[in-house]
Amino acid sequence: MDLLTAIVLLPLAGFVVNGLLGARLGRGFVSVVGCGLPILAFAAAVRCFLVLTAAGGAPLLTTAYTWGTVGGHAFGISFWFDRLSAVMALIVTGVGSLIHVYSTGYMKDDPGYARYFAYLNLFLFFMLMLVLGRSLLVCFVGWEGVGLASYLLIGFWFEDPDKARAGKKAFITNRVGDAGFLLGMFLLYHALGTLEFDGVQAAFAGGAPAMLSADLVGILLFIGATGKSAQIPLHVWLPDAMAGPTPVSALIHAATMVTAGVYLVARLNGIYAHAPVASELIAVVGVATALFAATIAVTQTDIKKVLAWSTISQLGYMFLALGVGAYGVAVFHLYTHAFFKACLFLGAGSVIHALSGEQDIRRMGGLARRIPLTFVTFAVATAAIAGIPPLAGFFSKDEILWFAFASERGGSPLLWAVGAATALLTAFYMFRLLWLTFLSPSRMDEKTAHHVHESPATMTGVLVVLAALSAVGGFVAVPHFLSPLLPAATAAARLEEYETPLLVVSVAIAVAGLLAAALLYAQGPARADRLAARVPRLHRLLSSRYYVDELYERVITRPIQWLSDAVFLRVGDRWAIDGTLHGLAALARGAAGQLSRVQGGGVQRYVLLAALGVLISVVWVWRHV
Amino acid sequence: MDRTQFLIGLSIALFSLGLAGVIVRRNALVMLMCMELMVNAVVLSLVTVAARGQDAAGAAYVFLIFVVAAAEIAIAIPIVLLLARQRRSLDVGAYTALGG
Amino acid sequence: MSEAAFLYLFSAAAVAGALVMLVARHPMRVALGLIGTMLSLAGLYAVLGVHVIAVFQVLIYVGAVMVFMVFVIMLLDTRDPSFVARYSRLLLPGALAAAVLAALLGALLARRGPGVPWVPGAADFHLQPFSVAFLGRYWLHFELTSVLLVIVVVASIAVIKGRGGRDG
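Here the protein sequences line up with chains C, V and R, keeping their order. Residues 1 to 625 (this note's numbering) are what the first sequence spells out, left to right. Residues 1001 to 1100 (this note's numbering) are what the second sequence spells out, left to right. Residues 2001 to 2168 (this note's numbering) are what the third sequence spells out, left to right.
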C-alpha cells in the first residue's frame, strides 16, 4: 500500500481502533492513537508533497480498488495528488492534527472521550477521501461521509434534544444541496462518459462540449456547494452547529468541511471557465452571503455564534473569488482562513473553558490580564481576519477584493463595493468581540471570576502555533504555486492603475473597523446598547437573523409536516394500506362465515351433498370415459 | 329389454328411493331402514350379474355382504339407541352436534 | 312365460314396499314395507334360479336384521316430533337429487345395448358347490367374517355401556 493511500487510510484505522477498543483501553491509549495517526497522515502528506515538487508538479496517482464495472466503464477508488490536492491535504491533516491535540485537553473530562476521537478520525478519513479523490464519485463519497461525521459530532451530546436537533438540521440541509450535486454529476456523466477530474478538465479544455450546458452543470454543482459551505439559501445549519464541542466547530465548521464547496468549484474550474452565467451567480451569491452574514454577526451575543456567522461571511468571500475566475486566490483565502479561524475558535474554546462554560459575551470582559496567552493569540487571529497587514488575512482578502473589482471575467465596482463594506463590518464585529471578551471591564459574576484560569499546555500550545501561522502564513505564495493548475485570473489592463489605491483603501477599512469597535465597546456593551435602542426594528431584524429560519419553518417545514400527517399518514397509511389489509381480513372472515353455513350440523344435509357429489362424478364419468 | 337390463333398472329405482328416504325422512330408525333398502338394491344388481356366470364366487360374495350388513345393523342400532336416549327424541333434526 | 309374470309381479311388489317406506308415518309400518320389499327380492332371486341366495336373504336379512329392527321400534317411544312431521326440510332437494340420479343412471343403462342372453340355471349357485367353494377356496373370508362378528359384539356392548353405561 503506497503512501498516498496511507494518507487516507490512517485516520480510518484510528476510527476503527478507537471506536471498537477505545472505551476499554483508557484515555491515554485513545489520545495516542487518536492524535498519532493524523500526525502520521500529515507526515505522509508532507512526503508526497516533496515528491510532487521534486517531480515538477506531475501528479501522483493511485488506484486503490476497482469498485465495479458498469456498461464498459470501470469505476475505481483512485487517489490523485496534484498541487491543489497537496494544499488541501496539508491543511486538512496539519490543522486537523493540531485540533486533535487541542481536543485531548479540551475534552479531558468528557465521558465520551473515545467516541469523540473515533468520530473525529472518521471525519478526517472522509475529508481526505474528498480532497484526494480522483473522480467526482469518490469525492461524493467523501462529501456524504463528512456530512455524516458532522452530524455525529454536532449531536455529540445527544442526550440534549436541542443539540440532537441541530445535528439533524445540518444533515438534512446538506442533503438538499446534495440533490443538486447528484444532478450535476448525472449530467456530466451522461454527456462526457467519465466522472474523473482529469477527464472532465480535458473535455472542457477547448471550450464546452456539445450536448452539455456548462452553465446548468455549474449551477447544479454550486447548489451542492451552497449546502456544504453554508451559503444563501442553505446557510441555516451552521450557526446551530455550534451546539457541538468547540474543537469540532474549529475543525469542521471553520477549517475543513465547509471549504469542501470551495474545493469543488476550484477543482472543476474547467467547467466554470466556460460557464459565465454560473460564475456570475456564484460571485453574486458569495458576496451577498458575505454581507448578509456580516450584518448579523454584529448583533450576536454568543461568542461561538459570532464566529459561525463570520465563517459564513468569509466563505462568501471565497465564492466571490471563484465567481470572478480567481480560483487560486480563493484557495489562498481558504488556506489563510483555516489558520486564523481555527485559532479563533480554539481561543473561544479556551475562554469557555476558563469561564467554566460561559459563552455569552455580555457576561465576559477583563480577561486580557487573567488569561494572557489566550488573549494574545486571539488578538493576533482577530487582526488577521480583519485584514491588518502584514498578517495572513490581509494578503488573501486584498487579492479577492482586487479581482472582484478588476477581473476580466466578471469583476465590477459593485462587487468590490459590497465586498469592501463587508470587510469594514468584519473588522468591526471581530474587534467588538475582542473588546467585549477581553479588554472591557469585567462583567463576570463572582464565582466565575474566581475560577478563571489559563488552559493547559495542550490547548495553549496549539493556539500559539496557529497564531504564528496566521501571522506569517500570508507570505507563502499559494496562488503562484497553484497557477499551473488553476490559471491565474487576469485583471483588465485599463484598471491596473487602481491597484494601489484599492490596497490603501483595504488597510484603511481594517483600521477604521478597529477604531469604531474600540470607541463603542471600550467600556463594555452599554454605549452600543444605547445606539441599538435608537433603531429597535433594525436591531431586531439583525439579531433574529433576518427571520430566515422562521421563513423556512413556515414555508417548508409546516407544509411538509401537514403533508405527512394529513396525506401520507391518514390517507395513505391508515386508510389505504391498513384499510386494505383489514378489508382483506374482513373479506376472508365474511367468506368463511358464509361457507361455514354448509356444515350446519344436519346429517341429512351431508347425505344430500354426498349424493350431489355422486351425481357430478357420474356425469363426469359419462362424458369422459 | 332383456332381463338383465330390467333388473338393473329395478335396482337403480330401489337405490334412488332409498337415497330419497335417507334425505327426506325425519325419524332416525326410518333412515336406517332406508339405508338397508339401498344395500338391498345393490345386492340385487350384484346377483343379477353374477347369476350369469359359472363361478361360485358370486354367491360367496353375496353371503359376505349379508354378514356385513347384519354386523352393521348390530352396531348402528345401539348407537341410535344411545343417541335417542341422550336427546330424548328420534328426530334427526335434533341431532345438531356435527355443526361446523 | 310365467317367469316373466313372476318377474314383473315381484318387481312391482318391491317398488310398492319401497314407496310404503317413504310415505308411512309409523316406523312399524315402514319396517313392514321393508320386509315386503326384501321378500319380493328373495322371490326375484328365486326366479333368477339362485335359490341359495334367496333363502339366505329370508333367513338373515328378514329373519335376523328386520326382527331386530322391529324389536327396537317396539322398545322406543316413536311418538316424538318425527311422528308428526315426517319429512325433513330437505324434502324437495332430496327428492330432486334422487330423481336426477335415477334418470341419469337409467339413461346410462339405456345406452348400452342388450348384452349376453341369459340362460336360467346356468350358474353354479346350488348349495353344495357353494359350501364347497366357501369353506374351501374362500375359507379365509369365512374366518374373517367370524372375526368381524366378534368385533361387532364387543363393539355394541362397549357402545351401550358407554362412559359408565349410564343414561346420556
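Bear in mind the hints are in silico, worked out from the structure with no lab data behind them. There may be inaccurate statements among the hints.
Computed Cβ-Cβ distance ranges for the label pairs, DEER-style [unchecked claim]:
{"id": "1", "chain 1": "C", "residue 1": "G613", "chain 2": "R", "residue 2": "V2159", "range": "37 to 47 Å"}
{"id": "2", "chain 1": "C", "residue 1": "I616", "chain 2": "R", "residue 2": "V2070", "range": "49 to 59 Å"}
{"id": "3", "chain 1": "C", "residue 1": "G600", "chain 2": "R", "residue 2": "S2131", "range": "20 to 30 Å"}
{"id": "4", "chain 1": "C", "residue 1": "L609", "chain 2": "R", "residue 2": "Q2128", "range": "25 to 35 Å"}
{"id": "5", "chain 1": "R", "residue 1": "V2150", "chain 2": "C", "residue 2": "A591", "range": "22 to 32 Å"}
{"id": "6", "chain 1": "C", "residue 1": "L609", "chain 2": "R", "residue 2": "S2002", "range": "40 to 50 Å"}
{"id": "7", "chain 1": "C", "residue 1": "L609", "chain 2": "R", "residue 2": "V2023", "range": "20 to 30 Å"}
{"id": "8", "chain 1": "C", "residue 1": "V598", "chain 2": "R", "residue 2": "Q2128", "range": "47 to 57 Å"}
{"id": "9", "chain 1": "C", "residue 1": "G600", "chain 2": "R", "residue 2": "S2002", "range": "23 to 33 Å"}
{"id": "10", "chain 1": "C", "residue 1": "V598", "chain 2": "R", "residue 2": "A2107", "range": "36 to 46 Å"}
Computed footprint of chain V on chain R; a stretch qualifies when at least three of its residues, placed anywhere within it, have a C-beta under 8 Å from a C-beta of chain V [to be verified]:
{"id": "11", "segment": "2022-2030"}
{"id": "12", "segment": "2036-2048"}
{"id": "13", "segment": "2062-2070"}
{"id": "14", "segment": "2091-2101"}
To give an idea of the chain R side of the interface with chain V (calculated C-beta under 10 Å), a few residues [said to hold, decoys possible]:
{"id": "15", "residue": "L2009"}
{"id": "16", "residue": "S2088"}
{"id": "17", "residue": "F2134"}
Ideal Cβ placement from N, Cα and C applies to all residues, glycine included.
Going through the hints against the structure:
At roughly 29 Å, the beta-carbon separation of G613(C) and V2159(R) lies outside the given 37 to 47 Å, and the hint is violated. The given range of 49 to 59 Å is broken by I616(C) and V2070(R), whose C-beta atoms sit roughly 38 Å from each other. A C-beta distance of roughly 50 Å is found between G600(C) and S2131(R), which places it outside the suggested range of 20 to 30 Å. Between L609(C) and Q2128(R) the CB atoms are about 47 Å apart, so this pair departs from the stated range of 25 to 35 Å.
Remark: the range hint 22 to 32 Å for V2150(R) to A591(C) is contradicted by a beta-carbon distance near 49 Å. Evaluation of the 40 to 50 Å hint for L609(C) and S2002(R) yields a pass: the beta carbon distance comes to about 45 Å. Taking 20 to 30 Å as the suggested C-beta distance range, the pair L609(C) and V2023(R) conforms, at roughly 25 Å. The hinted window of 47 to 57 Å between V598(C) and Q2128(R) holds, with their beta carbons roughly 54 Å apart.
Taken as a hint, the range 23 to 33 Å is violated for the pair G600(C) and S2002(R), whose Cβ atoms sit roughly 52 Å apart. The hint said 36 to 46 Å for the Cβ distance between V598(C) and A2107(R), and at roughly 29 Å that hint is violated. Residues of the segment 2022-2030 of chain R lying with their CB closer than 8 Å to a CB of chain V number 3, which satisfies the three-residue condition for coverage. Check result for the segment 2036-2048 of chain R against chain V: holds, 6 residues qualifying (beta carbon to beta carbon below 8 Å, three or more required).
Here's how the segment 2062-2070 of chain R fares: 4 of its residues keep a CB closer than 8 Å to some CB of chain V, so the rule of at least three is met and the hint holds. Requiring three or more residues with a Cβ within less than 8 Å of a Cβ of chain V, the coverage given for the segment 2091-2101 of chain R holds, as 8 such residues are present. Among the interface hints, the one on L2009(R) is violated; its C-beta lies about 12 Å from the nearest C-beta in chain V, farther than the 10 Å criterion. A least Cβ separation of about 5 Å between S2088(R) and chain V falls short of the 10 Å threshold, and the interface hint therefore holds.
About 5 Å separates the beta-carbon of F2134(R) from the nearest beta-carbon of chain V, less than 10 Å, and the hint is met.
Hint check: violations occur at hints 1, 2, 3, 4, 5, 9, 10 and 15; the rest are consistent with the structure.
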